[in-house]
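Engineer: Protein sequence lines, in the order shown, are assigned to chains A and B.
Note that numbering that gives the first Met the number 0 has the first sequence beginning at 0, numbered continuously upward.
Note that numbering that gives the first Met the number 0 has the second sequence beginning at 0, numbered continuously upward.
Heads up, some of the hints might be wrong.
Stated by the list, open to error - Among the chain A residues that face chain B by a calculated CB cut under 7 Å, a handful are:
1. D45
2. L46
3. F64
4. G68
5. T72
6. D73
7. F109
8. G110
9. V161
As the list claims (entries may be wrong) - With beta-carbon atoms standing in for the labels, derived distance ranges:
10. V300/B to G124/A: 48 to 56 Å
11. G276/B to K76/A: 47 to 55 Å
12. D153/A to D290/B: 47 to 55 Å
Rather than coming from a laboratory, the hints here were simulated on the basis of the structure.
Each residue gets a CB set at the ideal place from its N, CA and C atoms; glycine is no exception.
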Amino acid sequence: MSTLLLDAEALYTDLVRGVRGLLKPDTGLVGIWSGGAWLAERLQRDLGLAGAIGVISSTMHRDDFGSKGLGGTDHTKLPFDVNGRHILLIDDVLFTGRTTRAVINELFDFGRPASVTLAVLVDRGGRELPIEPAYSAARMTLPREQRLRLARDDAGRFSFDVKGD
Amino acid sequence: MLHKRNPQLNSHGELVHLLSIEGLPQSVIHHILDTAGSFLSVNDRDVKKVPLLRGKSVFNLFFENSTRTRTTFEIAAKRLSADVINLDIARSSTAKGETLLDTVANLSAMHADMFVVRHSESGAPYLIAQHCAPHVHVVNAGDGRHAHPTQGLLDMYTIRHFKKDFRNLTVAIVGDIVHSRVARSDIHALTTLGVPEIRAVGPKTLVPGDLREMGVRVCHDMAEGIRGADVIIMLRLQNERMNGAMLPSAGEFFKNFGLTPEKLQLAKPDAIVMHPGPINRGVEIASDVADGKQSVILPQVTFGIAVRMAVMSIIAGNDAK
Numbered sequence: 000m001s002t003l004l005l006d007a008e009a010l011y012t013d014l015v016r017g018v019r020g021l022l023k024p025d026t027g028l029v030g031i032w033s034g035g036a037w038l039a040e041r042l043q044r045d046l047g048l049a050g051a052i053g054v055i056s057s058t059m060h061r062d063d064f065g066s067k068g069l070g071g072t073d074h075t076k077l078p079f080d081v082n083g084r085h086i087l088l089i090d091d092v093l094f095t096g097r098t099t100r101a102v103i104n105e106l107f108d109f110g111r112p113a114s115v116t117l118a119v120l121v122d123r124g125g126r127e128l129p130i131e132p133a134y135s136a137a138r139m140t141l142p143r144e145q146r147l148r149l150a151r152d153d154a155g156r157f158s159f160d161v162k163g164d
Numbered sequence: 000m001l002h003k004r005n006p007q008l009n010s011h012g013e014l015v016h017l018l019s020i021e022g023l024p025q026s027v028i029h030h031i032l033d034t035a036g037s038f039l040s041v042n043d044r045d046v047k048k049v050p051l052l053r054g055k056s057v058f059n060l061f062f063e064n065s066t067r068t069r070t071t072f073e074i075a076a077k078r079l080s081a082d083v084i085n086l087d088i089a090r091s092s093t094a095k096g097e098t099l100l101d102t103v104a105n106l107s108a109m110h111a112d113m114f115v116v117r118h119s120e121s122g123a124p125y126l127i128a129q130h131c132a133p134h135v136h137v138v139n140a141g142d143g144r145h146a147h148p149t150q151g152l153l154d155m156y157t158i159r160h161f162k163k164d165f166r167n168l169t170v171a172i173v174g175d176i177v178h179s180r181v182a183r184s185d186i187h188a189l190t191t192l193g194v195p196e197i198r199a200v201g202p203k204t205l206v207p208g209d210l211r212e213m214g215v216r217v218c219h220d221m222a223e224g225i226r227g228a229d230v231i232i233m234l235r236l237q238n239e240r241m242n243g244a245m246l247p248s249a250g251e252f253f254k255n256f257g258l259t260p261e262k263l264q265l266a267k268p269d270a271i272v273m274h275p276g277p278i279n280r281g282v283e284i285a286s287d288v289a290d291g292k293q294s295v296i297l298p299q300v301t302f303g304i305a306v307r308m309a310v311m312s313i314i315a316g317n318d319a320k
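Bound conformation, chain A alone (with noise of 0.2 Å):
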């Protein structure tokens, strides 16, 4: 499957349903910044959730940080307690598993979740941790050297920003 063909909006429609089926009465959902975060927020409004969405970054816990430094500023924003909760992690794009590893971290920094549980738009393949998510609307294996990132325009349509192809 060419990135050129991936139709964002039409894999976020199978996304809205994949994600319901992991709902549980009490799943509060944590979107990863910054792409997972837009996706969070249109699914709970499109599946009439209660409440704010949570924001998880991974910057404070990034193993990378030896060679890159600090990546950027925080933008974890958890606005209810996560202790007992049944967490659904969303992410636009699951690659080495690095980042789902970071923020699992960081959510664990806030408290004792009753379960974790992680769904994406794209699973890219070339995971370096043992890391899969519960549902992912779409498969497909990229060269490495290839940058895959949800894009969202002013009207809040996502498409796919694409580099290296």
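Once you've looked at the hints, dock chain B against the given chain A.
Structural biologist: Chain B alone, transformed into the frame defined by chain A:
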């Protein structure tokens, strides 16, 4: 290789040491303040610690005593998961005749990753930065009368927090400016951040006229100095630094330049009052002002931890090359 013109920056213009605010680009200052904002929220977590400096050793080298500053650096380093070693240098090696660079060489052999340096001689942190191993980072925690950059940065964080924009502010720095490295760091930072009016307020003996060369308005009259100000930074009267007869008495100073509720009325109604601490109640500031609703002295302390976390994590993540 260090930046040719500014020894704090590497060839990419990234911060590898924090030695002085002088010469730091505005973008670097804003990056530090933005990063500090991230660390402020770490205090709200169950686990008030992040692992960025895990496995790194931070040595606090205080050649001049300062329990408060040393403690804030220690807290900041510990919240970044670093191992912190406090050395009371004033009473140990130097007293036995070891040179500054020999002390540093010995500590480097113990695998130090960062030195936080307080020294009574201006320029001591520069000397250490020039001679330490490339992977070692240096933070100036106050050198002589020269600079106290983390205090300057936390003051900027405080001003930005309460006033949002620097470009329309009048900031009055009041008191013992001649002995104050805080004042110097604040003036450099305020200038870089585009503050249009910076006033240095105090008696002629404590406010040198050459400050005008830094673009500062010098006021020897308190009323003139604080009238219409948005921010008032009170400085501590540094008794321990005053050798000559620069002042008739502390009481006389309070009468002329101490900040009282009456004098504070001259500033804007929403003016904030800052002080680097420790405060001398009844010498430079009245208790009613220090504890009043316009005082932001305690938020400064809280912000100071976050700013020091930001500085340490930024420099530790940047390569000397």
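Engineer: So which of those numbered hints doesn't the model satisfy?
Structural biologist: Checked against the structure, the hints that fail are numbers 1, 2, 9 and 11, while the rest are satisfied.
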